[in-house]
Structure formats: C-alpha cells, structure tokens
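Undergrad: Sequence:
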Amino acid sequence: MGTTTDSTRTKGSKAEDQAVEYLIAQGYRIVTRNYQSRKGEIDCVAEDPNGTLAFVEVKSSMGPRFGHPFHRITRAKQRTIVSMARLYLAEHHIANKPCRFDAIAVMGTRIEHLRNAFLG
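Numbering-wise, the numbering used here puts 200 at position 104 of the sequence shown, and it's gapless, one number per residue.
Cut-off 30 Å, straight-line C-alpha distance, at most; resulting in silico cross-link-like pairs (DSBU-like, lysine-lysine): (1) 110 x 173; (2) 173 x 193; (3) 135 x 193; (4) 135 x 173.
Derived by calculation from the structure, the hints in this document are not laboratory data.
All values derive from a computational prediction rather than experimental measurement.
Go ahead and model the full structure; you've got the sequences and the hints to work with.
TA: Given below as structure tokens:
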C-alpha cells in the first residue's frame with residue numbers, strides 16, 4: 097500500500113518539476129512551490145512575463161483509460177485552489193495584482209498549459 101502512495105507522490109513531484117521547467121522556459125518567475133495550509137495546497141505560484149500571478153495546478157497522465165489530466169481538476173479542487181489563493185494573497189499582503197488560475201498537464205514529455213483554466 098505504501099509503495100503505491102510513494103510512487104504516485106514521486107510521479108507527481110516529477111510532473112511538477114517538468115511543469116516548473118516549462119514555465120521558466122516560457123519566461124515565468126517561480127514565486128513558490130507547494131504552498132500549503134490545512135485547507136489544501138497549490139502546486140505552484142508563478143509570475144508570468146506580464147506580471148500576472150498564476151496559481152498553477154499540475155496534473156500528470158495516469159494512462160489513456162483515465163482520460164485527459166485536466167478532467168481530474170474537479171469543481172471541489174477548483175474551490176480549494178481558489179480558497180488557497182485567497183489565503184496566499186492575504187498572507188503575502190498582495191492586493192490589486194492581476195491573478196489567474198492555470199492548469200498544466202504533463203503527459204510523458206508532452207506538456208499542455210491551459211491559461212485561465214477556471215475562474216475564482
């Protein structure tokens with residue numbers, strides 16, 4: 097049982113690393129990774145080249161029978177990310193800065209980046 101969790105966590109970490117490398121190559125500045133509270137987690141907070149703060153959810157492929165990774169970002173997950181983003185902004189005293197919610201799907205070596213994946 098522990099092995100599955102460990103391998104899933106390792107796979108998720110690898111996907112997050114790939115997503116961060118992709119964002120950096122696109123000119124983003126990584127602000128923080130794995131921002132957590134007891135309410136949840138945001139995989140990555142990054143600033144795009146235009147100064148917009150992106151709260152990024154990273155999903156990796158679990159194989160074709162599980163569908164596209166973006167489909168696993170449920171409404172409940174979106175609500176958690178929005179709540180965490182509000183907490184992040186409050187804790188860091190950030191106001192009047194453009195923000196958005198992005199999703200990145202890592203499928204082997206292929207990466208898809210969906211800007212404005214959902215509204216907060």
